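Chemist: Below are the chains, spelled out letter by letter.
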Amino acid sequence: MGTRQGDSRLSDDANRTVGATDTKPPPNVADVPTTKMLAIGRLTEAATPEARGPIMPAEVRATVRLHLAGKVDQWFFRTDGSGVVFHINTTDPAEARSLLDRLPLRMAGMMEFELIPLGPLRALGFLLTEPAAG
Amino acid sequence: MTQRVMRGADVAIYPALAAFAAPTTKILAIGNVTAKGAPDAIGAVLPFEVRATVRLHLAGKIDQWFFQNDAYGVVFIMNCDTVEEAHELLEKLPLGVAGMMEFELIPLGPLKPLAMLLGEPPRS
Numbered sequence: 000m001g002t003r004q005g006d007s008r009l010s011d012d013a014n015r016t017v018g019a020t021d022t023k024p025p026p027n028v029a030d031v032p033t034t035k036m037l038a039i040g041r042l043t044e045a046a047t048p049e050a051r052g053p054i055m056p057a058e059v060r061a062t063v064r065l066h067l068a069g070k071v072d073q074w075f076f077r078t079d080g081s082g083v084v085f086h087i088n089t090t091d092p093a094e095a096r097s098l099l100d101r102l103p104l105r106m107a108g109m110m111e112f113e114l115i116p117l118g119p120l121r122a123l124g125f126l127l128t129e130p131a132a133g
Numbered sequence: 000m001t002q003r004v005m006r007g008a009d010v011a012i013y014p015a016l017a018a019f020a021a022p023t024t025k026i027l028a029i030g031n032v033t034a035k036g037a038p039d040a041i042g043a044v045l046p047f048e049v050r051a052t053v054r055l056h057l058a059g060k061i062d063q064w065f066f067q068n069d070a071y072g073v074v075f076i077m078n079c080d081t082v083e084e085a086h087e088l089l090e091k092l093p094l095g096v097a098g099m100m101e102f103e104l105i106p107l108g109p110l111k112p113l114a115m116l117l118g119e120p121p122r123s
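As they're listed, the protein sequences go chains G and H. Quick note: the first sequence, position 18, residue 17 per numbering that gives the first Met the number 0, numbers continuous. Quick note: the second sequence, position 88, residue 87 per numbering that gives the first Met the number 0, numbers continuous.
No wet-lab data here; the hints were simulated from the structure. It should be emphasised that the depicted structure is a prediction, and the values quoted were computed from it without experimental measurement. Note that CB positions come from ideal geometry on N, CA and C, so glycine has one too. One should not assume that every hint holds.
[What the hints assert, rightly or not] Beyond 10 Å from chain H on every Cβ pair, some chain G residues (computed): (1) 56; (2) 60; (3) 67; (4) 111; (5) 116; (6) 119; (7) 122.
[Claimed, not checked] Here are some, though not all, of the chain G residues that point toward chain H, as calculated from beta-carbon distances under 10 Å: (8) 31; (9) 37; (10) 55; (11) 62; (12) 77; (13) 79; (14) 80; (15) 88; (16) 89; (17) 106; (18) 109; (19) 121; (20) 123; (21) 125.
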């Protein structure tokens, strides 16, 4: 089954636990490049409302600066209040990690990010075969 | 005056965020292949899966779609207000029906902390 372990995958350096790690792409569709990084941020237990309150004004400004720098492409709030989701304009997980590590909540140990490299929807390649004649 | 100087780090600003409701406007769907989705099994389903996915895009339900290069999964951003609606749509996809893919669903909305920047502009 798809055993994505809730806690382990959210820790910074955890190897993501994916259900079928031995799954290899079927042939006959071309590989796709990584074009951006999905960053899923989760507030840690240290991030009580009282603790993160004084940091939030700096956090939101740092986030807007990353957007203005062209690094944070899309930003979302997790409406259950557990954190944020960003699309980051980099193909390098290390660069994304470096950018996120400098955010005030991150520096205070109040936010953890999971990074997922994203690319074009590979399966669209299945639509590229020529239609059958007749 | 002191209060004005400290405004950038004023705790009192933070509770003001509570006044802003953050509606759920999108659902982030992270799909990963299950153990049933072995390469030889999934290959036959994918041509159907991609067509059903494109239909969901054409219906305005899947807003953005991505491939996970390191996990052989997908990531969708869906135009749904509820996790339940997204789940209902995704479980009908061929891979979902076959038990070959599972989705984690995360409700998303506008970046609520931006509201903290909405104070009156500084007077010159």
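Chemist: List in ascending order the numbers of the hints, as given earlier, that are violated by the structure.
Modeler: Hints 1, 2, 5, 6, 7, 15, 16, 17, 18 not satisfied by this model.
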